[in-house]
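Protein sequences appear in the order of chains A and B. Residues 310 to 439 in my numbering are what the first sequence lists, from first letter to last. Residues 1240 to 1542 in my numbering are what the second sequence lists, from first letter to last.
Calculated directly from the structure, the hints in this document are not laboratory data. It is possible that part of the hints are untrue.
Unchecked claim - Dumping the calculated PhoX-like pairs for lysine-lysine here, alpha-carbon to alpha-carbon at most 20 Å:
1. B:1309 to B:1281
2. A:326 to B:1542
3. A:326 to B:1489
4. A:311 to A:326
5. B:1489 to A:316
6. B:1281 to A:374
7. A:311 to B:1542
8. B:1344 to B:1388
9. B:1314 to B:1344
10. B:1489 to B:1434
11. B:1274 to A:374
12. A:316 to A:326
As the list claims (entries may be wrong) - Calculated from the model, a selection of chain B residues having no Cβ within reach of chain A, i.e. all distances over 12 Å:
13. 1259
14. 1266
15. 1400
16. 1409
17. 1438
18. 1481
For clarity, every value in this text was computed on a predicted model and none was experimentally measured. Glycine included, each C-beta is placed from N, C-alpha and C at the ideal position.
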Amino acid sequence: MKQAGVKARFVREGSTKYLVELLEEGLTDYILDGQTFDLDGVRSIGSNPRHVATSSFTSYNYHGKGNFASMVDAVVLGATEVAANFNANVVTPLRWTPATRHRRLAKLPRFWMHDSRGSLLPRPDSGDRA
Amino acid sequence: MPILEKTEMILNVAGRNVPETVNGRPQAAYTGVGKYQPFGRKAAPPICSAADYPGNGDKRVADLETALRKCGLRKGMVISSHHHLRDGDRVALMALEAASLTGVKDLTWFRSASFPSQRGAIPLMEAGIIDHIEGSMNGPLGDYCTQGKMRGMGVLRSHGGCWQAIQDGEVHIDIAVIAAPTADPFGSCDGSHGKSACGSLGFALADSIYADHVIVVPDNLVPFPRLPWQIQGNNVDYVVEVDSIGDPAKIVSGSTQITRSPDRLRIAEFIARFLRDAGIMRNGFSFQAGSGGIALAFVSYLK
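Take the sequences, apply the hints, and build the full model.
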């Protein structure tokens, strides 16, 4: 962004040190924040009027007159599994070793195999996220 | 081991067999993006009278047990709490343990996310004080649920889905217990100031608007008015001041550390390059990067 001289209009939560740095360096006009992930985020939301608290009503509620989710240009989301048609699993952990993988795959219900086109990716990240 | 009630299964549009009823309530199977047309009017809390609340605006009561009793806590009720203090939260467990002192059973715990520090809820579930959790089950509570040990059926909801379920009346919160880093005696509160500051209280907002009863639990009480407020005191029944609502250092839980793994950093770099080369990264654009090491590293590369 710095190289290209590009600035974002807004970035979305959860706020972290990294998003706060963007805001403080003028690389985004606003942080629209639904949850605050670290103490740099807490300091910023408490002192910077361009770091704004939002809610799941404004951000994601589908039974309403629109929400922010459809107005965001790009989202980076961690997932334990991704299918060819971008269906993602963020619910169940994937802690399989190559040795157990084949055996467990054979036991999975058919729809699971079909959905992932038979190709399960390794778990990209660890830790519970919410 | 409890036996789940038998339920009819129905095939949804994604090809999954899903139950027609969950915890005794009929469910609508997924029919495709934007295909389901909601109907009716939003849920609402009862109409109250200011005559029933202190004229001086001081809603403080001695402890959580007293507040829960005054809210009419009884068998089968839904109690909610938010997760903004993440792994540092103490209030949710305090509330559930206070509820257990009243001898109540079969509660539903509505929770936007849970963390290892809430593993103390497991004995309460084993004792039948909590029947099941709705909202989100992470860490030890997720394991407990996955192992099929929970009495009722756990219901996992997205963050937006939680608000939707509350406003649509799919979940009716009887008592919301809101941990508040700063509040006034009237119940107005916000999360961005005080010794336990955790930032936004957005996930508690729906609870404060739609719940029958709302209890605010601060460890930093200031004189009215608490400004700015994110939760309005006009929606609050009782205020219970405690010594500590939690450990703000643990707001930084496992999911908010940048990754150091070379292959994950490489993925993050690819994402940033893709956004640049695809022309998504342009003046006035917007993005969201969640928790998780890759998403955090991506922000550094994009910068």
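Verification of the hints:
Restraint check: the Cα-Cα separation between residue 1309 of chain B and residue 1281 of chain B comes to about 26 Å, which exceeds 20 Å; the hinted pair is violated. Under the criterion of a C-alpha separation no larger than 20 Å, the hint pairing residue 326 of chain A with residue 1542 of chain B is consistent with the structure, at around 13 Å. Straight-line distance between C-alpha atoms of residue 326 of chain A and residue 1489 of chain B comes to about 15 Å, which keeps the hinted pair within the 20 Å bound. For the hint linking residue 311 of chain A to residue 326 of chain A, the alpha-carbon distance of about 18 Å falls within 20 Å, and the restraint holds.
About 32 Å separates the Cα atoms of residue 1489 of chain B and residue 316 of chain A, which puts this hinted pair outside 20 Å; it is violated. Note on residue 1281 of chain B and residue 374 of chain A: the hinted pairing holds, with a Cα-Cα distance of about 13 Å set against a maximum of 20 Å. Distance check on the hinted pair: residue 311 of chain A and residue 1542 of chain B sit about 6 Å apart at the alpha-carbon level, within 20 Å; holds. With a C-alpha separation of about 17 Å, the suggested pair residue 1344 of chain B and residue 1388 of chain B falls inside the 20 Å cut-off, and the hint holds.
Restraint check for residue 1314 of chain B and residue 1344 of chain B: satisfied, since their Cα atoms lie roughly 5 Å apart, inside the 20 Å limit. For a cut-off of 20 Å, the pair hint linking residue 1489 of chain B to residue 1434 of chain B stands: about 13 Å separates their Cα positions. Taking the CA atoms of residue 1274 of chain B and residue 374 of chain A, the gap is near 16 Å; set against the 20 Å cutoff, the hint holds. About 18 Å separates the Cα atoms of residue 316 of chain A and residue 326 of chain A, which keeps this hinted pair within 20 Å; it holds.
The claim that residue 1259 of chain B lies off the interface holds: its Cβ sits roughly 18 Å from the closest Cβ of chain A, which is beyond the 12 Å cut-off. No Cβ of chain A approaches the Cβ of residue 1266 of chain B within 12 Å, the least distance being about 15 Å, so the stated non-interface status holds. Listed as a non-interface residue, residue 1400 of chain B fails to keep its Cβ farther than 12 Å from every Cβ of chain A; the least gap is roughly 8 Å. Not every CB of chain A is more than 12 Å from the CB of residue 1409 of chain B (nearest about 10 Å), against its label as outside the interface.
For residue 1438 of chain B, the condition that its CB be more than 12 Å from all CB atoms of chain A is violated, with the nearest at approximately 2 Å. A cut-off of 12 Å between C-beta atoms confirms that residue 1481 of chain B is not in contact with chain A; the least separation is 20 Å.
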